[in-house]
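Starting from the known structure of chain W, fit chain F onto it as the hints suggest.
Below, each chain spelled out in residue letters.
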Amino acid sequence: VVGQAGRYVGASVLRVEDPRFLMGRGVYVDDISIPGILHAAFVRSPFAHARIVSVDVRAAAAAPGVVAVFSGADLAPHIAPVVTPPNRPETAVTQHQPLPPDRVRFAGEAVAVVVAMSRYVAEDAVELVDVEWEPLPVAMDGVAAMAEGAPAIDPELDSNNVAHIIWEAGDPDAIFDRADHVFSTRFFVHRYAAMPLETRGVVASIDPSSGDLMVWISSQFAHVVRTALAASLGMPERAIRVVSPAVGGGFGVKVAVYPEDIVIPAVARLLGRPVKWIEDRCEHIAASSHSKEITCEMDVAVSDHGDLLAFRAHYVGSGGGYNLFPFGVLADPFAAAGMIFNQYRTEHARCVVDGPLTNQCPIGAYRGVGWTSGHTIREVLIDEVARGLGLDPVELRLSNTIPEEPYRTPFGQQYDGGSYVRSLELARELVDYGNFRTKQANLRERGRYAGVGFSPYVEPSGWGKQIADANGFTETNYFDTARVTLEPDGSAIVTTGLHSQGQGHETTFAQVVAERLGLRLEDVRVEQGDTATSVFGMGTFASRGAVIGSGTLGLAALDVREKLIRLAADALEAAPEDIELRDGVAFVVGSPSTARTIAELATSVYYGGTGAPAGVDDVVLTSTRSYDPGESYSNGTVAAIVEVDVETGIVELQRVVAVEDCGTMLNPMIVEGQVAGAIAQGIGGALYEEIQYDEHGQLLTPTLMEYLYPSAMEIPGIEIAHIETPSPVTNGGVKGLGEGGSIAAPAAVLNAVADALAPFGVRVVRTPLDPEEILRLLRDTSSDGGRR
Amino acid sequence: MKPAPFKYVRAETVDHALDMLAEYGSDARVIAGGQSLVPMMSLRLVRPAILVDIARTPGLSGIVGEDAVIRIGATACQSAVLASDEVRDAAPVVCEALRHVGHPAIRNRGTIGGSIAHADPAAELPAVALALDAQVVARRSSGDRVLAAHDFFRGYFETALEEGELLTELRFPACGPHERTAFLEVARRHGDYALVGVVVRVWTSSSLVEGARIVVFGVAPEPTRVEGAEDSLVGAALDEASIRAAAGVAAADLAPRGDVHASGEYRKSVAEVLVRRALQACRGPAATP
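As you go down the protein sequences, you meet chains W and F in turn. Okay, so the first sequence: first residue is 4 according to the working numbering, each after it adds one. Okay, so the second sequence: first residue is 8 according to the working numbering, each after it adds one.
Take these hints with a grain of salt, some might be off.
Here are a few chain F residues that face chain W, going by a calculated C-beta distance under 8 Å [what the hints assert, rightly or not]:
#1 K9
#2 A11
#3 V193
#4 R195
#5 R196
#6 H197
#7 A269
#8 S270
#9 Y273
#10 V277
#11 V280
Hints listed in this document are in silico derivations from the structure and should not be mistaken for laboratory results. Glycine included, every Cβ here is placed at the ideal spot set by N, Cα and C.
Looking at chain W on its own, in the form it has when it is part of the complex:
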């Protein structure tokens, strides 16, 4: 492994993709234009649960400009059901038709598709499709779906609960029996969702010469989409090319295969014409995927000294109408359970997890998945322990924090070392904690209520087979590859199965390869997102990019480096160990004039000539490697300072401090962008963003007038500090960090609000903390502080 920091790795080089995006030259799915392209619009269910009695498409099909209308029954013979694989032995295997022929399970679900000359005409015709519905009873949250007599949401299942899982370590009951104190909460984390600037979209076309299916899709994992399409359409993967062009934000919502992703290609095949569908914002809010909703009862057993001795928790998810391919309903509640220990040295826990279906939009992955919800509930409860015992919340956490060396959790996760203590101490220092407490007391005397909240976190990263296993997702597999090829002129083309949705792969991956091959950054070109030109990979999500990108590319680049060094040694008549590669030149250490450019060496391999290698075998200047990283966990602390207007319920977020440790940083500027973006989304979840349904399953937040994400006006400048604890188990010491901010920020904000309102005895038991909820908390204060 090449050293951890170098000319490029660890440098804040500017993003090479920025000029393209900033000048509006990125090509997104909606920019794909094919002569004769048709446009699709979907007929969607107004009911949360209903039987489809009949679908009459005649009037729509007869409308001018309409080419075809297909109901679920029309398409069923052409589409094999989507099977969502289990991710645990306890998980039920589910299957469904992308366009249901008989029943709908949530409001907004697509039931028919209109294909027309324009999107306008298609939407006009959607209004002419006559569906006869027979409404059915609904279950609008996980608890209701698991209750006796709840309506059956998937008739093929024995119950609505897709998985019931118990994960236990130590002997929690014995600890609780003799604990000095038990603190408890029943907490509701609400439903919110990724809201990328670019919605989803699909274009499908049959290539007229090859007959291959071409699909352009705004997706985080083109290769997995290809596999799913092959299965659903009964086609070989070799005959399908999936291209994910520029993606305007993903955040997890684009790491699923949705009904439209299959229906549009199916319809393009049936019609033999290109078809485009671009999701509008209402469709995105109603019928992509949501995240985070969990109802949880959690107890913590605590000693008089504030030792966190044991946890007990029951997490009930709220999975939505379908077990979404590929991650399913466990992405929230089971992830929440798996990370219950966080950075605490607690030895006992029992987590019970239920993953029921409900009559809501399916849940999917969204930055931090259920780690966000589980972390939020635990950290709010720990602040209640501190208040209840009269202990300082930072000291309480520090006294329970694991050592910074590699550590095995009671659930068996193998942390690779971090700055668990230092990050919290540094965050405390950066918020000027002592002075803040003085200022807080002074403000209170004047009837003003400020508070500070801390949220130290451990983030599973570089999601591959090993870390998935360790976190209980034992039935899942991950396989990732990358290829590095040196071209005749000494430039390098690298391809990866990871796709950027804004992460800056074209920059960071070029940094990794340039570093290892001794090239200049501009000599390296990164190809991604196209199954025809990129090698296989599972895509970019779960903080995988940095770890798996630098792992796969690092290994492949080292192979090519070795070949280059042999070529150079041969050409320069030196020992391989004496060759150094830098700035596109191979030279003998200590004798820089004894040199060949890498371009000369590469040219000689491809085109021969005087410098052609003699006696060097296997000089193909390419390598493809796979990589499954060891378990890597980044860590850090988010701290927030707020002031609450107790008359209006408005929370003013005054400061956010983030200390992050993602091991060796590839590019600190990009790291800071990830931290800031994730924290902004966490703040959105804590204070603003909420998907709401009424009791009948009608969506109350169908547009961005109701679903409020924070704007630049609501997010303060985020102060970021770095600690680097290189991972001993990943290539280059890298850890992923895409999600820490959205995992940790909500608890920091919630704890700051609870701290501000401590004089009123307020307990935070649900999110989001909108102004109404703040006033409700102030009205309904209970004084038990969670102690039982």
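Same frame as chain W, now just chain F:
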């Protein structure tokens, strides 16, 4: 999210616009900035047969101060009004309110006349018009009709504009030497429609309140003058006791409905807080922007 089919005509003159409105009647909608109308059309909540675009119609976008009145043309964009020294000097509360209308990109398109004619119950400008006793000029083929703001707003997105009429101008009286105004709102995010907002105008004589306008918005189908609270201040010193009493009276007169953003109870309670704070702000020295 595409609008239903519609026709479009750009009005070359005000008379042209009036002709179009006369021809199409209630099937026509006037568009200027389109910041509210276009999203509503895209959601198919409104389906006009024809849009009459007055954004570039000459003579409708002036800002003129004369005789203690500031006249603002209907198509003056909100950012132009916000940047106008004349408006800021004569009616500073208009500018205060405009800072809460959307964001710069929205204010560059959105117009003063559009905000008034759209009559969103949670919008800032209708409330300001009411508190300042502004006048609305409506033109029809037979001439101009001048309406008082308090006669203009008639309910959710409803105004006194009649079929075939075009809103051409707003007239705001200039702030008098003994007048104080204040604007406060609580919104979920900066630039959102208010959950609750308040505009107050108080004028005094020998340190006693001679008259007051207290307008609360976001709490009823139209911006609401709480006249009981206004009356309670007349003849009183603007002190803590009279302010708190007026705020209590104001809230008691409101029966707001809830929506996805906040309950009616929340709005009522915060209306009292904002009325109190706005009146307290009027106790200070005159605003010198």
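Evaluated hints:
1. Interface restraint check for K9 of chain F: the shortest CB-CB distance to chain W comes to about 5 Å, inside 8 Å, so the restraint holds.
2. Contact between A11 of chain F and chain W, as hinted, is supported at the beta carbon level, the nearest pair being about 7 Å apart and thus within 8 Å.
3. Taken as an interface hint, V193 of chain F checks out: its beta carbon lies about 5 Å from the nearest beta carbon of chain W, inside 8 Å.
4. The interface hint given for R195 of chain F is met, as the beta carbon of that residue sits about 5 Å from the closest beta carbon of chain W, less than 8 Å.
5. For the restraint placing R196 of chain F at the interface with chain W, the shortest Cβ-Cβ distance is roughly 6 Å, inside the 8 Å limit, so the hint holds.
6. Taking 8 Å as the C-beta cut-off, the interface hint given for H197 of chain F holds, the closest approach to chain W being about 4 Å.
7. The interface hint given for A269 of chain F is met, as the beta carbon of that residue sits about 5 Å from the closest beta carbon of chain W, less than 8 Å.
8. The interface hint given for S270 of chain F holds, since its Cβ lies 6 Å from the closest Cβ of chain W, which is under the 8 Å cut-off.
9. Given the 8 Å rule on beta carbons, the hint for Y273 of chain F holds: about 5 Å separates it from the nearest Cβ of chain W.
10. With 8 Å as the threshold, the beta carbon of V277 of chain F comes within range of chain W, its nearest partner Cβ sitting at about 5 Å, so the hint holds.
11. With a least beta-carbon distance of about 4 Å to chain W, the hint placing V280 of chain F at the interface is held under the 8 Å criterion.
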